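J.: Chains as they are written, first to last, in our numbering: chain A, 1 to 391; chain F, 1 to 391; chain Z, 1 to 391; chain H, 1 to 391.
Hints in this document: simulated from the structure, not taken from any laboratory. All values reported here derive from a predicted model rather than from experimental measurement. A portion of the hints provided could be inaccurate.
Here are the simulated BS3-like pairs of lysine-lysine, each with C-alpha atoms no more than 30 Å apart in a straight line [as the list claims (entries may be wrong)]: (1) F/K58 <-> Z/K58; (2) Z/K58 <-> A/K287; (3) F/K58 <-> F/K276; (4) H/K287 <-> A/K58; (5) F/K185 <-> A/K287; (6) F/K287 <-> H/K287; (7) F/K185 <-> F/K276; (8) A/K185 <-> F/K276; (9) H/K185 <-> Z/K185; (10) H/K185 <-> Z/K287; (11) A/K287 <-> F/K276; (12) Z/K58 <-> F/K276.
Spelled out from the first residue to the last, the chains are:
4 protein chains.
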Amino acid sequence: MGDAPARLGVGMVGYSFMGAAHSQAWRTAPRFFDLPLQVRMQVVAGRSQAAVRAAADKLGWDDATTDWRSLLTRDDVDLVDVCTPGSTHAEIAIAALEAGKHVLCEKPLANTVAEAEEMAAAAARAAEHGVLAMVGFTYRRVPAIQLARRLVADGRIGEVRHVRAQYLQDWLTDPASPLSWRLDKNLAGSGALGDIGAHVVDLAQFVTGESLVGVSGIMETFVRERPVAESSSGLSAQAGSGTGPVTVDDAALFLGRLSGGGLASFEATRFATGRKNAIRLEINGSKGSVAFDFEDMNVLHFYDDTEESATAGFRRIVVTEPDHPYTGAWWPPGHGLGYEHGFTHQVVDLVEDLAAGRQPTPSFADGLAVQRVLDAVERSSEQGSGWVALV
Amino acid sequence: MGDAPARLGVGMVGYSFMGAAHSQAWRTAPRFFDLPLQVRMQVVAGRSQAAVRAAADKLGWDDATTDWRSLLTRDDVDLVDVCTPGSTHAEIAIAALEAGKHVLCEKPLANTVAEAEEMAAAAARAAEHGVLAMVGFTYRRVPAIQLARRLVADGRIGEVRHVRAQYLQDWLTDPASPLSWRLDKNLAGSGALGDIGAHVVDLAQFVTGESLVGVSGIMETFVRERPVAESSSGLSAQAGSGTGPVTVDDAALFLGRLSGGGLASFEATRFATGRKNAIRLEINGSKGSVAFDFEDMNVLHFYDDTEESATAGFRRIVVTEPDHPYTGAWWPPGHGLGYEHGFTHQVVDLVEDLAAGRQPTPSFADGLAVQRVLDAVERSSEQGSGWVALV
Amino acid sequence: MGDAPARLGVGMVGYSFMGAAHSQAWRTAPRFFDLPLQVRMQVVAGRSQAAVRAAADKLGWDDATTDWRSLLTRDDVDLVDVCTPGSTHAEIAIAALEAGKHVLCEKPLANTVAEAEEMAAAAARAAEHGVLAMVGFTYRRVPAIQLARRLVADGRIGEVRHVRAQYLQDWLTDPASPLSWRLDKNLAGSGALGDIGAHVVDLAQFVTGESLVGVSGIMETFVRERPVAESSSGLSAQAGSGTGPVTVDDAALFLGRLSGGGLASFEATRFATGRKNAIRLEINGSKGSVAFDFEDMNVLHFYDDTEESATAGFRRIVVTEPDHPYTGAWWPPGHGLGYEHGFTHQVVDLVEDLAAGRQPTPSFADGLAVQRVLDAVERSSEQGSGWVALV
Amino acid sequence: MGDAPARLGVGMVGYSFMGAAHSQAWRTAPRFFDLPLQVRMQVVAGRSQAAVRAAADKLGWDDATTDWRSLLTRDDVDLVDVCTPGSTHAEIAIAALEAGKHVLCEKPLANTVAEAEEMAAAAARAAEHGVLAMVGFTYRRVPAIQLARRLVADGRIGEVRHVRAQYLQDWLTDPASPLSWRLDKNLAGSGALGDIGAHVVDLAQFVTGESLVGVSGIMETFVRERPVAESSSGLSAQAGSGTGPVTVDDAALFLGRLSGGGLASFEATRFATGRKNAIRLEINGSKGSVAFDFEDMNVLHFYDDTEESATAGFRRIVVTEPDHPYTGAWWPPGHGLGYEHGFTHQVVDLVEDLAAGRQPTPSFADGLAVQRVLDAVERSSEQGSGWVALV
């Protein structure tokens, strides 16, 4: 083939919500971006033979298997893409890294700090041999978020004073909504905190370029018993009641301090009635501010305090210009992108890093840092909201 | 004369920002509302003879005095309106009540819980003799806030799960901004917390109809030394430096629990670059939500979760209809009101309560409750954000 | 007394909606602005003795009369403020000018071009003797509109290419809404076109600093018969039907060309369901744009095309800064104004012009220019939307 | 094979902007929707051998050719997808239909009414043999637009009184922007009117379910000479000047009447500085309103006038619920879609219609109807904006 780019064979584990999003990304990235490696969607692994076969056909994978370990020994698999629930991340990701496969692992990195530490250690060992790992905080790849990061890094807002970060959903407001694995601490690790709070912790640290050095929090489960759906085998209904306990948090709120001295507030909830997927981030600095809301994901608001006061105001930047991050590869200005494009951008960045032998970000170490924040929030909540220092 | 409404003679103490707002309210209320008492703007009191005389002319008071105590013995003064800094509230308000004068006192009720307690006790004693007291949390009287309260009280949002309350300003972001009495703990009591945080605590408790039962907080002073302006005599510049210490908080963030079990987060800051006077309140309940931003003060957003999902959405209610609170007395629909109208509505409600011999709200007891929350936040902040129970 | 400013005695004719707004303005302007003349609210004139007496008391006028002509001979009246329906403007305003009284006349200047021409001629004659006249397009005095004008005049948006102007209301959508004088061509002159379309024509010409040189339009009356309310004596119900004809337009749409070569579109309607008082103005120029919506009246949106594309966006300017038009006299930044403040600013500008012996704007000639545009729209509509040149 | 769905082989002509969008749609539709036919991306045709080969590889087509006529005789091509400039649509589409191939043709249907009539006639003849044709007004397939159509069709806004439709772009504001084929009347047919005005005409007619019965318009070319870019061979620079004439409109504004008696205003421009791709549509009816802006494409605003006035307001519906059009096939609520998804939905609807032997919409007859509106606007503009009746 001579000049043809080298191949990157991908094997994916899991094929539901995240599997569909990742498949769309692997399939689409080469169509809009010039990738230095040739992506091949080789195989998808799952538990049920019939289901994984159907998923392979639907999502566009060449092969299907019920044995995820088989991916580790396939020559045509160079990267393992982990899209399973958090309780299985450590086992799969560590095995893949040890087998010399690059790894893309969905967030949160793991359900516990201990597991996340093992994963980060495994990633560090693997990196010595050029085997690389990345955790999938895809909201970083929304163009408006990348633009926010660029403005902050360029000093356009000065020193960070305030971060206001919220991830608001409302799919649990109805007490009749049934139990699911996401409400079981054994499987999900935590509730709103780990599922969606993790995203805003990562976003806050990424856009500011700083880390949280301490937190204080409260967590709550508003509805503690829910009906067990008949299809939810494996979830334990209390005898005779037809209901089972919710063992994770419905909502988590916490305050924090940033390494640069700024103050931050966070909220993650599944009870914000009317807010479907509102990821809100506002950062106030000594010279300006940026603000973002995922409900208007193609827009970044930017306030420049060096403007004269008579014409200063938050600018509504439609982040679709050729000189904005990623957007030049897509459509003309004003033709916005959607949720799934973050996954495509993640593939683009990952493939470029792999081809260059560069550590992709966020690394497993970054994922561990987020996990430590979540853990600190849980500990603070358990001990009367007392301050828990990080570092 | 026979049927002419009884007179309500008003004496005001203080005449700067709040004095101007109150004067506009006393002057305007009778022009748009049918008041049961005939308001007379009798006298304004201040420290400087020339200044108070000029203020009387400008603001429309019949008389001026440098002796606020003289108001207490004037027969033509039925009510004392206290618009001075917080450190003087207790002395003036208690003396007025004891002299048998009704009192309207600007917020915060006092600079300390101890003073606020004395004031509430004085108000309780006075009430036994029909002498009534009110504290001036005027943002309650924004029509959109009253509508929010009505919707919550009518059960339209169900049980309250979340409160998100922020009061964001940015007038201190420049480190070269000079010291003022508002940055001196002895005069102001506290900084952002007491000045603006007090408002959102009151709003949250008012609109939910619940009270905070505990809090956890952090406070910060980002700029600890500021230049002493030459005109600011009385503020102590450190020898030779030309600067003096900022002794209050620039920002305060806290979490809380409501008496009904909901979670709340609060933020008050003077460092939110680009946010001029953003009072934001969002309340999520089990059946709906309300959201408000003072930057768009004639609007209330309301989400009704009982609507069918295909057409559910936050409704942008322009709160200027004849059946909205207060607005029927003003202009046709869509002709919005401004900041000062809250003060006019406060006068209207107060005068109606006085005429009826009813306790106006918020009472001094309500003001004390807010003060206790602020105090608890300060104590939590001092002790590593540990939980401080109220009640 | 020596240095006391000279007196400006005001006599107002009419006391309903506009009368209330004007009274509030005369009463309030001296309280917030330093006026070069001392305003005296001397007398209000109306048709019914009891009603005009009550209005005088309510609105704060010293005297009341049922004979508006008596104002013309009173020494204590220096200015006649005309707040009556349009059909009476010419008679009152011309008589007042000829009696040597300054005149402030509500818009539209008149119901016909012929009347408006007589009024403009009378104003020109009076001006030779220092007697001055102004027409009340108060929306010009919204601070955000003044800021827009300043930016355009300063060249910040370059050459004007497009104007998009709408005045949308919805109070007639219900076919059961009764007839009123505003729906009778004899009294009102025209419907949506003259009542609200006049405002956006004036705003477009004011902010661009250009004039319309031709128009093409369509007009429509959607509901041609309406019930006659019992209280509406004077409106002719058709025998036996209980309804009467609507003889004015419910909506008017027109296109135009500006003197600078730009294109403009206008819409005025009382059938824009859900839009209460949406006055929208967007102007696109070769170097930038401004956009305004009265539903968010304290905000101006400004796009500066000279910014680098990565950070260009419409700036949401909260027009409440000390260096914004008028706002420094009111409240701190972020404490917005309301509908009625435009009237107060109108008084301020008028009094300053009178004291300086300067022609106030908009002059009667400006009002005539607007009237000619409205007339051209009507003629175009009558002749199949064919182009009607102005000038 | 037995139950496997029948094949739909696609051949595409053209591969630039629209070709990339269509390719993404053909590739993606089967991954998220269950299509009744199995889509095969067989071949792409273009003028340059090297370029079309590269495009095939990039966009995912099996084969490439420089002879579009070869598609007509290939057995593996069942549908021809026409993505070329408008001047070539008639020739290709008619030939394909006559060869028994289904046709999807980009908008505008043609550059002239005469051509569009020939195409509609060809489509009518082909339909008798089960060969079907569709024109690609993809904005119809934005979920919020489909929801708007559903609400209007269900009578939720009553009788349509007003349509306000704008398509605003700004890519020509710089006079130094070079000539391109889009500015040459011979190639493009018209400028803003046909390119983007066509979209809003179609949207207005689609959402209201009515047709325009007459129009009056003005058109303008603000910059009449532009530099000829060296790469733009084929465009005629005037000798020695380095510039060439712009022969199409930069902006077109027109008014119209709908078949149901409502009034409409339209604007299409490439000079709306700061507006990148603002497609705005507001429809006011006797019982409610809908409003849409493509800059916030996942949102529909809906006003229901049957609500009680105290809680009525435009609802901001985030159109991502399972019971919204198309969105159930994608992501959870709140995870928005982008520009390209309209093309995918177009493929879904087209394939379902083809499988069912149903006429897809918009048909070529619908495309012709839009073309007649555009033609009427041009004629009105040429004759002093006089009314031009349609039908």
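J.: Take the hints in turn and mark each one as holding or not.
T.: Do the hints match the structure? See the list:
1. For the given pair, F/K58 sits about 21 Å from Z/K58 by alpha-carbon distance, which is consistent with the 30 Å threshold.
2. The suggested pairing of Z/K58 with A/K287 is violated, with an alpha-carbon distance near 50 Å, which exceeds 30 Å.
3. Between F/K58 and F/K276, the direct Cα distance comes to roughly 27 Å. Compliance with the 30 Å bound is thereby established for this hinted pair.
4. Simply put, H/K287 and A/K58 have alpha-carbon atoms about 44 Å apart, too far for the 30 Å limit, and the pair is violated.
5. Proposed proximity of F/K185 and A/K287 is supported: the alpha carbons are some 27 Å apart, at most 30 Å.
6. Taking the CA atoms of F/K287 and H/K287, the gap is near 26 Å; set against the 30 Å cutoff, the hint holds.
7. Restraint check for F/K185 and F/K276: satisfied, since their Cα atoms lie roughly 23 Å apart, inside the 30 Å limit.
8. Note on A/K185 and F/K276: the hinted pairing is violated, with a Cα-Cα distance of about 43 Å set against a maximum of 30 Å.
9. In summary, the hint linking H/K185 to Z/K185 is not supported, as the alpha carbons are separated by about 47 Å, beyond the 30 Å threshold.
10. This hinted pair checks out: H/K185 and Z/K287 have alpha carbons roughly 27 Å apart, not beyond 30 Å.
11. For the hint pairing A/K287 with F/K276, the CA-to-CA distance comes to about 15 Å; that is within 30 Å, so the pair holds.
12. Between Z/K58 and F/K276 the alpha-carbon distance is near 36 Å, which puts this suggested pair outside the 30 Å criterion.
The structure fails to meet hints 2, 4, 8, 9 and 12 from the earlier list, while all remaining hints are met.
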